[in-house]
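*Asks:* The task is simple: from the sequences and hints, build the whole structure.
Now for the letters of each chain:
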Amino acid sequence: MNGPVRLALALLCGAGPLLAQDTTTKGVRITLSYDAGVRPGVVVLPVAGANGDSIQAIIQRDLDYGDRVNVIVIPDSMAAAIRSGFDSAGNPVGMNYGVFKTLGALAVVRVTNTDRGLHVALHDVVHSRVIDVNEFALPPGAATRPWRMAVHRVSDELERWITGVQGVAATRIAYVRSHAVHVVDSDGADDVTIPMVGDGLSPAWSPDSRSLAYATFGDNSRVVVYDVRSGQSRAFSSRRNTNVSTPIFSPDGSTILYTLAGENGSDLYSVPVTGGTPQRVSVSGGTDSGTPSYSPDGRRIAFTSDRAGPPEIYIMDADGTNADMFTTYSFGSRNYRSNPDWSPDGLNIAYQAYYPDASGNFQVFTMSLRDRTPKQLTSDGENEDPSWAPDGRHLVFTSTRSGVKELWVIDTQSGRIRQLTHSAGTSRLAAWSPHLAP
Amino acid sequence: MHASRILPATLLVAATALSACHKKPEVAPAPMPVPIDSTAIKQHIADSTAAADRAREAAEAAAAAKARADSIAKAEAEAATQASMRAALTKPIHFDFNKFDLRPEDQATLDAKLPILLANPGLTIQVAGNTDERGSTEYNLALGQRRAATAKRYLTEHGVAESRIETVSYGEERPVCTDHDESCWSQNRRDEFTITAGGAGMLNKPGS
Chain A
1 MNGPVRLALA LLCGAGPLLA QDTTTKGVRI TLSYDAGVRP GVVVLPVAGA NGDSIQAIIQ
61 RDLDYGDRVN VIVIPDSMAA AIRSGFDSAG NPVGMNYGVF KTLGALAVVR VTNTDRGLHV
121 ALHDVVHSRV IDVNEFALPP GAATRPWRMA VHRVSDELER WITGVQGVAA TRIAYVRSHA
181 VHVVDSDGAD DVTIPMVGDG LSPAWSPDSR SLAYATFGDN SRVVVYDVRS GQSRAFSSRR
241 NTNVSTPIFS PDGSTILYTL AGENGSDLYS VPVTGGTPQR VSVSGGTDSG TPSYSPDGRR
301 IAFTSDRAGP PEIYIMDADG TNADMFTTYS FGSRNYRSNP DWSPDGLNIA YQAYYPDASG
361 NFQVFTMSLR DRTPKQLTSD GENEDPSWAP DGRHLVFTST RSGVKELWVI DTQSGRIRQL
421 THSAGTSRLA AWSPHLAP
Chain B
1 MHASRILPAT LLVAATALSA CHKKPEVAPA PMPVPIDSTA IKQHIADSTA AADRAREAAE
61 AAAAAKARAD SIAKAEAEAA TQASMRAALT KPIHFDFNKF DLRPEDQATL DAKLPILLAN
121 PGLTIQVAGN TDERGSTEYN LALGQRRAAT AKRYLTEHGV AESRIETVSY GEERPVCTDH
181 DESCWSQNRR DEFTITAGGA GMLNKPGS
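Protein chains in written order, with this note's numbering: chain A, 1 to 438; chain B, 1 to 208.
The reader is advised that the hints may include incorrect statements.
Distance windows between CB atoms, simulated [claimed, not checked]: (1) A:Ala180 with B:Ala67: 51 to 61 Å; (2) B:Pro115 with A:Ser423: 48 to 58 Å; (3) A:Ser379 with B:His180: 12 to 22 Å.
Worth flagging that the hints you see were computed from the coordinates, not collected in a lab.
Small disclaimer: the values here were computed from a predicted structure and weren't measured.
For every residue, glycine included, the Cβ atom is placed at its ideal position computed from N, Cα and C.
*Replies:* This is the structure:
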């Protein structure tokens, strides 16, 4: 992640512009020289044909939201000159790469509508050649939810061609509004609800993105697993005088770990995804432990515990042994740190912490597992419940900065923040999906 | 009345007859008695019977009305007692920030529930723990469960069977107010009590 990503160039034989590019799925890849410290400029050419404007707009927005490239918008004065540089097959004919160089572009994206879907070519401006090509299927029904997701997959593959890292446009975010679980696309479009068995909280994705778990509260508090494809729900049995919450899937998808709060404290319990007898994992001794998050390799669990007084983040082995306090810095008697989320690259834990300024609000922090230095990411309004994107770089979280609780996304490297939900209702408890299964 | 008119007339006739036997004093003959109007007498009897009936009916009606009023008053008193028992059973208690300890000022509220619970073995309740909005949503679910458990423990330690008290948590999800200040937060940090069975016709003290 850190440091320059230097990718070797492999030349295809042939003189002049490349026309006979292999267009099978595997393709032949030539990659750019990419310096992650500098954002390459990328032009996404206008797309002719059906829904061309939407396709271009979605890809431009996705690349912009990825925060790794600068999307260069072609000035109108140059649009005609640029359009004329390509033949009907999308091959450059007498293309003036110099034009793009003057715009500061490192790469040019050319998308063409075909009867199979989209033909996508990436041009390396510096080396004046096409370096990546592929075909992408598009489902019928333009501008539908599946269609948009297919275009997002194009963006994510483009980002991988350009930067070496797959984008997160083809992902969704589950969250809660009015005790119903919602799912929204990563760009904020196509917000839908799932059928609920009761008032629920704390949705979590299975590693294959095919299931969502959540928990109901109050009477008959239960863990529920919802199958995204079939629309069916399975509820685990409830126990009298207890409340269950924060169910999460283990990284291998076999186990659900959740918080069971009883009359004498709360602990983390695990149960096979297919059902069975719950086993206690944490040992709280009459205190409260909850809000778990697995390390990406499934060997450790970060969680909140108040065993030492105020709530702090702890890490233990996945079998419940060797629990140690993780957040050890102190603001004094009003410490309160909770809701850890372990980054997909294993390097950082995001969490919320009470911050002792005049507002007394919670803020989102990350802490590196290597050196345990906290990094404060937010300061505007109250900010809670961080959840990592699969790129380990973006976080979605709840913020009151607009006046009501909405979801916002932050790029932890540049600090750039965008608003994800605009509901005027309270949106919270977000969970960023893995890369979605097709 | 009539008899009194007849009797002196009879006496007068008798007296006149006796005086005629011994001597012949010079006395005026007794006047002839006025003939008795039997119709008037019958009417007089009927009128007085009717009046007695009316008086009796009035007395009965008054008694019935009083009985009804007494019954209503008793039902109202009974309902007021039932209502006051329900109020005592459902009165909430409150907590300090991030704490689930029973506060001294709330102990009396729990004490008032005890005699009703002990007098009515069929009575079951649910205690729901709640928190204010601050802090982790999910940590607040655990805190709410603890707050409900505190009330339950007090009641069971004073003789109420555990199986009669259910504890649930609503965390911060069921606020009674939504302002972002302590006067609202303190109202939300509470246990709520609801009757789940046996709430009709409650006895108000053990053994009654």
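*Asks:* Now tell me if each hint is right for this structure.
*Replies:* Status of each hint after checking the structure:
Take Ala180 of chain A and Ala67 of chain B: their Cβ atoms lie about 58 Å apart, and the range 51 to 61 Å holds. Between Pro115 of chain B and Ser423 of chain A the Cβ separation comes to about 49 Å, which falls inside the hinted range of 48 to 58 Å. Distance hint check: the CB atoms of Ser379 of chain A and His180 of chain B are about 18 Å apart, consistent with the given range 12 to 22 Å.
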